[in-house]
Amino acid sequence: MRLGRRRPLARALVLLPALAGVAPVAQAEAWRLTGSNTLRLETYHASGDEDKSPYADRGTFYVNDLNLSLSGDSAPGKSWRIDFAGALTDSPYRSKFGGFVPEVVRISHENRNATLPFRIDLGDQEVALSPMTMQRYLKAGRITLQPDSYRDGRKYSVTAFIGADQPHWRDFDASEDAYQGLGLHMQDSKLGNYGLNIVRNSRDGGGPVEGSQWVASATGFKGFTLGSQQLELSGELAYLRGEVSTAKGSERREGHGLNLQLDGKHQSRPLDYRLRYDRYSRDFRSRGGNVPADNRAMAAEAGWNFDSGVQLRGRLQRIEDRVSSGNRLRTDAAGASVAGPLRKSRPQAASGKLDLQVQRRGNARGTVKARSVDVQAGVMLNHSDKHQTQVDVGLTHIDDRTRADADRISKRVAVTHRAKVSVKGLDLTLAPGVAYQEARSRRGEASFGPSLELEARKDNHRLTVQVGSSSFDAEDSTRSVDHERVSVGYEYRRGQHSFGANIERSLRDPAEGESTESWRGGVYWRYDFDKTLSR
Amino acid sequence: MILKKFLPAALLLAGGFCVLPALADPAAEPLTHAEGFVPVDPALVEESVRDVFESWNSPALEQWVASAFPRRDRMLNAVAGRAPVSGRLRVLSVGGVDTLSQAREDGALVSRVKVTVRAQLEWEDPRNGFQRQVGTADYVLRIVRQVPRP
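Just so you know, the protein sequences line up as chains A and B, in that order.
Residues in the first sequence are numbered consecutively from 1, following the working numbering.
Residues in the second sequence are numbered consecutively from 1, following the working numbering.
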């Protein structure tokens, strides 16, 4: 079975030289081959309490990554593009498969000069018709047509596709999650943009949700001016029918979805704003879409940009989940942020940001009832072109009113300084830092530690060093743990070739019990290519 | 999806395959697939992924998450308020780099890139000691590179 699935890929690869041979057509644009090949050898080791090592698989593994893209015209207006990315590997960190693992395989062709201009895409591709019907990365075949509208300022587009949402070529089974769809779209400079989409999905792979469903939607977008306001109104209305996942398993249901959004800005004042409404019915569980079922949400936000460069934004949001369940979960949130230079006279010298959000969350039965406050602040100090200091602080308080011992207060502080130094042609970047975090709830825990990053460059050489340590303090001190980690990387470039090595060591030292020392080392060779093949 | 095996989604920085909302303008995509299109260097994508993952569970995370990320505030609050204080995300491998779209905007080349990341969440549990959980998910990055004006 697997051998059979490799054949289409093999044919795709065979096409590469064939297409290159076809290239030299009169007046054709040049063919260009770009990409890289990277061969890595990596080894992983652990000593002491090996179960506490970050590396679950120990040993030496290889990975050869190939990325290539071939593009060009076989005739004026007739373009081709072939993309491939994949690996040859035995590393469990790289892939669950061993051997040859194709990851991106795609052939695209378009003809802009045809009576009916078209594009065909075969293989891995993003298929995004609309948020409610189709937003997935599929292994698919798709054709896009752009018929002539015979009107200035108007364009038509027709897209049809068939494909499957499958993460791997190696165990590809289209029936597990298959899609077919059609989209009709119009873009008009005066009337606006409108679309009609229909997508069918079927699942027969033995998973928890089987059967088929289809979703149809209409989308619209219109920009207009109202007084001094420049506005854009957009939205989507969708209907679903078919098998959806319910508490009882897979059932045949109907559902609908609606969203509307108004974006605006004042034509003479630095004001912008957005209003949005979303409503998705209980059974609107679109498999290809990207919206939550049984949900209602409303949001409003606005921003003002001051002459000084300071930006002020505010937002209000209400999200209701499980709307039809009788135990509706409501989340109300309000937030405000201010960001910009701290001194008007020297705006580059220091800038800051303050973000505040309060949230209330509860359900009808009272089993969820919580309030939270989140404050994040940061200051960036530019001492000179070569010295910067960043200070970030954060506080989050979750007040859970259903249980007295479930409150949680999290605090975090991080300070980093970045310095650039040049010494005899050696460009050095140093970034020492320190970070502290703590969380107090039923049990308290805290983490504290310094870190240092260093990068040195000279000509074709690059050296990076990262050093860090942290102490994890638990209320039960026997559970406290110290961590240390060091990583060093070196790369040398010569023409299209890059050679590198990196090594990483981490030490976990618990207050009680055996410590764990883990190592990862690797070397690599990368070859970059960018060639014009013919004209 | 594999993401669900990883962790509660709220604890992930940009979990799952997320496409920016595109309510409007579906017909505007021009038929110029090959013209001037330069796939983003996978080494640059890997470096960017490591920067983003390094910032997880720190205040720096906010700068990486797109303003149009679905329920962005809720996700950031969940990380700030509920993630283990010792939690960190280790990138185990980066692959499947695919440049989805590319456009020139004001002297910059703006690319949207899909990348598959195998990552491991590591933390110290006060009761059970060192914990790790591995997951694989697709992410979409928006990479902006300065280019000379034509």
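There may be inaccurate statements among the hints.
Stated by the list, open to error - Sample of chain B residues with no beta-carbon within 10 Å of chain A, all distances over it, derived:
no., residue
1, VAL85
2, SER101
3, LEU141
Said to hold, decoys possible - Taking CB as the label site, the calculated pair distances span:
no., chain 1, residue 1, chain 2, residue 2, range
4, A, ASN113, B, GLN63, 25 to 31 Å
5, B, ASP51, A, PRO450, 35 to 41 Å
6, B, ALA103, A, GLN388, 16 to 22 Å
7, B, ALA103, A, VAL358, 36 to 42 Å
8, A, ALA377, B, VAL147, 31 to 37 Å
9, B, VAL110, A, SER175, 42 to 48 Å
10, B, VAL147, A, LEU342, 28 to 34 Å
Unchecked claim - Not close to chain A: a few residues of chain B, all C-beta gaps over 12 Å, as computed:
no., residue
11, GLY96
12, ALA108
13, GLN146
Keep in mind that the hints were calculated from the coordinates and are not lab data.
In this text, a Cβ means the ideal position worked out from N, Cα and C, and glycines have one as well.
Legend entry - Hint check against the structure, violated hint numbers in rising order: Per hint list: 1, 2, 4, 5, 6, 9, 11 violated.
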